Amino acid sequence: MRVWKYGDDINTDMLFPGKYTYTCSTPDEIKPHLLEDLDPQFALNVRSGDIIIAGKNFGCGSSREQPVVGLKAVGIAAVVAKSFARIFYRSSINQGLLLIECPRAVESYKEGDFVEIVAEKGIIKIAEKVFKFPPFPKEVMKIIESGGLLEYTRKKLKEKNLN
Amino acid sequence: MGMTFIQKIIATKSGKDTVEVGEIVTIKPDHLLTHDNTSAIIQKIDGELNRYGVVDPELPVIVLDHVIPAASEKNAAGHKKIREFVGRFGIKNFYDIGEGICHQIVYEKGLALPGTIVLGSDSHTCSYGAVGALATGIDRTEAAALLLSGQTWLKVAQTIKINLTGSLKPGVSAKDLILQIIGDIGSDGANYCVVEFHGDIESLSMDQRFTIANMGVEMGAKAAIFPVDGVTREFLMGCGIYKEMYREIIPDKDAEYLKELDYQMNKIEPVVALPHKVDNVKNVEEVEGVDIDQFLIGTCTNGRLSDLREAAKILKGKRVAGGSRLLILPASRSILMKAVKEGIINIFLEAGGTVLPPGCGPCLGAHQGVLAPGERCLSTANRNFKGRMGCKEAEIYLASPATVAASAIHGKIVDPRKEVRG
Numbered sequence: 023m024r025v026w027k028y029g030d031d032i033n034t035d036m037l038f039p040g041k042y043t044y045t046c047s048t049p050d051e052i053k054p055h056l057l058e059d060l061d062p063q064f065a066l067n068v069r070s071g072d073i074i075i076a077g078k079n080f081g082c083g084s085s086r087e088q089p090v091v092g093l094k095a096v097g098i099a100a101v102v103a104k105s106f107a108r109i110f111y112r113s114s115i116n117q118g119l120l121l122i123e124c125p126r127a128v129e130s131y132k133e134g135d136f137v138e139i140v141a142e143k144g145i146i147k148i149a150e151k152v153f154k155f156p157p158f159p160k161e162v163m164k165i166i167e168s169g170g171l172l173e174y175t176r177k178k179l180k181e182k183n184l185n
Numbered sequence: 049m050g051m052t053f054i055q056k057i058i059a060t061k062s063g064k065d066t067v068e069v070g071e072i073v074t075i076k077p078d079h080l081l082t083h084d085n086t087s088a089i090i091q092k093i094d095g096e097l098n099r100y101g102v103v104d105p106e107l108p109v110i111v112l113d114h115v116i117p118a119a120s121e122k123n124a125a126g127h128k129k130i131r132e133f134v135g136r137f138g139i140k141n142f143y144d145i146g147e148g149i150c151h152q153i154v155y156e157k158g159l160a161l162p163g164t165i166v167l168g169s170d171s172h173t174c175s176y177g178a179v180g181a182l183a184t185g186i187d188r189t190e191a192a193a194l195l196l197s198g199q200t201w202l203k204v205a206q207t208i209k210i211n212l213t214g215s216l217k218p219g220v221s222a223k224d225l226i227l228q229i230i231g232d233i234g235s236d237g238a239n240y241c242v243v244e245f246h247g248d249i250e251s252l253s254m255d256q257r258f259t260i261a262n263m264g265v266e267m268g269a270k271a272a273i274f275p276v277d278g279v280t281r282e283f284l285m286g287c288g289i290y291k292e293m294y295r296e297i298i299p300d301k302d303a304e305y306l307k308e309l310d311y312q313m314n315k316i317e318p319v320v321a322l323p324h325k326v327d328n329v330k331n332v333e334e335v336e337g338v339d340i341d342q343f344l345i346g347t348c349t350n351g352r353l354s355d356l357r358e359a360a361k362i363l364k365g366k367r368v369a370g371g372s373r374l375l376i377l378p379a380s381r382s383i384l385m386k387a388v389k390e391g392i393i394n395i396f397l398e399a400g401g402t403v404l405p406p407g408c409g410p411c412l413g414a415h416q417g418v419l420a421p422g423e424r425c426l427s428t429a430n431r432n433f434k435g436r437m438g439c440k441e442a443e444i445y446l447a448s449p450a451t452v453a454a455s456a457i458h459g460k461i462v463d464p465r466k467e468v469r470g
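For the protein sequence lines, the chains are A and B, in the order given.
Numbering-wise, this note's numbering comes out as the position in the first sequence, counting from 1, plus 22.
Numbering-wise, this note's numbering comes out as the position in the second sequence, counting from 1, plus 48.
Hint data in this document are derived by calculation from the structure and do not stem from the laboratory.
Check the hints yourself; a few may be wrong.
Here are the simulated EDC-like pairs of lysine to aspartate or glutamate, each with C-alpha atoms no more than 16 Å apart in a straight line [said to hold, decoys possible]:
1. A:Lys143 x A:Glu123
2. A:Lys160 x B:Glu71
3. B:Lys92 x A:Glu173
4. A:Lys178 x A:Glu150
5. B:Lys217 x B:Asp248
6. B:Lys140 x B:Asp94
7. B:Lys434 x A:Asp30
8. B:Lys440 x A:Glu58
9. B:Lys122 x A:Glu51
10. B:Lys434 x A:Glu51
11. B:Lys203 x A:Glu58
12. B:Lys76 x B:Glu121
The calculated label-pair distances, taken between Cβ atoms and stated as ranges, are [claimed, not checked]:
13. B:Asp300 x A:Glu138: 46 to 52 Å
14. A:Lys178 x B:Gly63: 18 to 24 Å
15. B:Glu68 x A:Lys182: 24 to 30 Å
Chain B stretches covered by chain A per the calculated footprint, using a threshold of three residues with CB under 8 Å from any CB of chain A [what the hints assert, rightly or not]:
16. 90-96
17. 120-131
Remember, predicted model here, so these are calculated numbers, not experimental data.
C-beta atoms are modelled at their ideal positions from N, C-alpha and C, and glycine is treated no differently.
Only chain B is shown next, with the shape it has when bound in the complex (with noise of 0.2 Å):
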């Protein structure tokens, strides 16, 4: 019988031949992602970062993205911390703030590489299944842990795999398509799991591929994996980074999966995830005509150039209906200033919009953007729970970036292929 892509990765990576489905094996992962929540991480080991110091100055990698600029004194104070514990202990990886969201440097850095192994402080570090690294979130106690022994342990998990077929529609995007999954299987639908995709993966671009594996963990996966194709080799060599330098772990032809999905991506609409989970899916026109009183177009989900660009086309010469907002939050510093040369960024100015400093901004709640009681927000993050955005009587929809941006020049939820139609 032959390996999936979680077998394959964790045989090589333990130096076996094999590994059983179900199996723990001790692992050294390549690179561990934390953020600002590093300052929380080290007050947890301070003495013993005293006595061994860190394990290796490069595994850690370290990105000031989710409260930037400092909202607060205590905030600054940990930024602080952090910067005084990467000077002391030379940690290679470091970003500090306006550089970008934690997942989005990982990605444009070459720091999630094919068949290397990143863990990260993070729910979202899934995302970087989309260059076919094996990456999934642990908390604060396992990251301190991992500063000071370089290892852990992981189950080898079983694999639902996803067969994709044909291509996406105009006006559908990759965050329909992973909606739609979500809505089907529900948010505990793939829980334990490591979710593989195939089939037509050649139509779909690294970004999109970003937007659907970002939200594996939404279903509750443990990895969201693109095995690596000729995209994926053109995605990195346009980052300096050659074949020779990393190794592409494929999956066996007959590896034996959990169970099997077919999604034909022709047939997917447009969608919108209602309040207060991300599993409850409607199409579009069952929502159209919902008032919003926020937009935000961004995030680590959809702040990517092909997103602003998209976004942008719907809004070229158009105006925020009044009464609303829109919010513009990009990736990265790289893709902002991207966005401004291609007149992206003006496009959104002239429309009325504000845009944030590349961050986590309002998308977690504490600052840049937080909802008043009763009002509504319509968002391309991925995420929508109960009080997410700061405030447990308001409401958070969750879209493409084609339907944030229709939506947001009518002040309501509209299908965005009349938009793009005229």
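Looking at chain A on its own, in the form it has when it is part of the complex (with noise of 0.2 Å):
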């Protein structure tokens, strides 16, 4: 597990160029141009289960999805930011990839600390320090308990077309 640290406001722009925006909507199209313009060694080097450490603001800028889709691909475990730019935040719901709004917990993080998530607890441990995170809504839950916006749709039809 790495840890990818990155500072405040991280926009949409940086997560994942606009230019792209009408060519690439798959999550293979997107992997090669996640982050292009902020850190061009995430794309070679990131592997599933690392996890993203960030400032303020995260995600600020466009309602572009693809950010959180890429990210989701290639199996980032988590991002824990001091806070999230709603629409990206509301994006990483109907995605499921876990987002950790915890201030106490980034301004701890020093390179090479030992970065632990047990979500179902609600903890983050960093180093030996254990920081709480509050959960999400119920409503919330059940869509990221369906694995997905589209999934919990999915289901919702079902039921009411079985009625």
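Join the two chains, each given in its own frame, into one complex according to the hints.
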């Protein structure tokens, strides 16, 4: 597991350049361009289970979902940030990407620290320190537990059409 | 305790007397806006569309604007797929290429009315707060789910109240005001919040309100709302929409706000947002003399007739400085036609400008004015992120139409008030 550390206001153009928005939509098309203008090493070296730790307002800017789809596809286990931009936050729920809003954990992290996340308990361990993060509201958990918004909608539609 | 705009509209829409801040409520939006990304959206739900169809053919508003005319075979295939979808499911509100930028079309065609909820798979959907609609951006996946189910969840967000007093001075525009606010509170200053504008808002035209609401997302806002007043009603009347056709939602006087901010509009000066963040705002004097390669006037932020008039007034009889270029991007065909009729387009052409088809043009870096490494663009758009206009080694500065027009004459950033005074 590797931690990728970034600063404040990491926007959607840094996460996935706008020029590809209308030509790359599938996970395989998205992956090579992830974080292209921010950190060219990311797409080359990211591994499943890696974690991103960042500052405030992560994911600000466009409503494009390629950053979220891409981060989920390469197996990012969680993005831990001081705060997230609203559309990015919502999009991550829709794709089932784990976001952890925990400013104290971000401030505590130093390069090389071991990071462990126990999502079901709502805790993140950094070096030996333990931080709690609040759970998602129950209405939102239903979407995440279904495997994302489309799966949730499919399930609902099936139920509706059976009744 | 009274209710804010978002509390009132969500309570009304969900048939409740009251809703609390923080509550999560299921709502049925009045419209769902999608654009060129419709092809990627419907691709996610091909099977379900075959089985269940679109929940309501009157729900979607589809506008082709982002890469128009198609810049590649892939874009063209996307547009073709969208046209087939529109025909197959009888989608009522479809606007093909050249009609204009999606947000301008929703506004012009009266598809966002006071008291309605509009969700769109574009972050600048927040623009329709200008007419008192609750409008906000969502992703493609949520748009796909909405096409099938017609409903989603919304959280009743906290609200920031901004009190505006006085009026803007000549040479200063709504763009300067909203850039100043974003510069002050930061690009996450209203994150997860709704922003309501109050006070002397009657001095702001609908076009100016649209510019301000359009940039709500650049301070992280979920929505940016101008409560309905005489200016709104008059604008809607001009679109053939009468008072009986919509519901005015006015926030209660005793509503509870997260915080209140006061701005005296006569104290606002022309400002510029420097690369690579929208909240990196400086007074124009501090950046005067910065050389610019490309000037862009237009986009969904500042491509309306009043913006073009303002720019034309400055550019009349002048030439764009040698070594630099000027792009004009009207927000809709109807605006372009009026600008042609008024002689405004001729002024731009005589000045050496290039007029682009109504659409998103170079704003998102896919085509029509992509920058080269080391180049600088001064633009009236809403975003100056690194790489936004297609090149990560280029710089984007944001300003008002007047500042961009005045600067184009000199090939570098100047205070527009100097040109206006002549």
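Is it true that the CA of lysine 122 (chain B) sits at most 16 Å from the CA of glutamate 51 (chain A)?
holds, 13 Å
For the pair supplied as a hint, lysine 434 (chain B) and glutamate 51 (chain A), confirm whether the alpha-carbon distance does not exceed 16 Å.
Between lysine 434 (chain B) and glutamate 51 (chain A) the Cα gap is close to 21 Å, so the pair fails against 16 Å, i.e. violated.
Starting from lysine 143 (chain A), check that the Cα of glutamate 123 (chain A) is at most 16 Å away, please.
Holds, at about 15 Å.
Outcome of range test on Cβ distance (aspartate 300 (chain B), glutamate 138 (chain A); 46 to 52 Å):
holds, 47 Å
Pair hint outcome, lysine 434 (chain B) versus aspartate 30 (chain A) [Cα-Cα no greater than 16 Å]
holds, 14 Å
Does the Cβ-Cβ separation between glutamate 68 (chain B) and lysine 182 (chain A) fall within 24 to 30 Å?
The hinted range 24 to 30 Å holds for glutamate 68 (chain B) and lysine 182 (chain A), with Cβ atoms some 29 Å apart.
In this structure, is the beta-carbon distance linking lysine 178 (chain A) and glycine 63 (chain B) contained in 18 to 24 Å?
holds, 20 Å
Run the distance test for lysine 217 (chain B) versus aspartate 248 (chain B): straight-line Cα separation, threshold 16 Å.
holds, 14 Å
Given the hinted pair lysine 178 (chain A) and glutamate 150 (chain A), is their Cα-Cα distance within 16 Å?
Status violated; Cα separation ~43 Å.
Lysine 160 (chain A) paired with glutamate 71 (chain B) [C-alpha distance capped at 16 Å]:
Cα-Cα ~11 Å, so holds.
Verify the proposed pairing of lysine 140 (chain B) with aspartate 94 (chain B), using a straight-line Cα cut of 16 Å.
Between lysine 140 (chain B) and aspartate 94 (chain B) the Cα gap is close to 20 Å, so the pair fails against 16 Å, i.e. violated.
Please work out if lysine 440 (chain B) and glutamate 58 (chain A) have their alpha carbons no farther apart than 16 Å.
holds, 10 Å
Violation of the numbered hints given earlier is confined to hints 4, 6, 10, 11 and 12; the remaining hints are satisfied by the structure.
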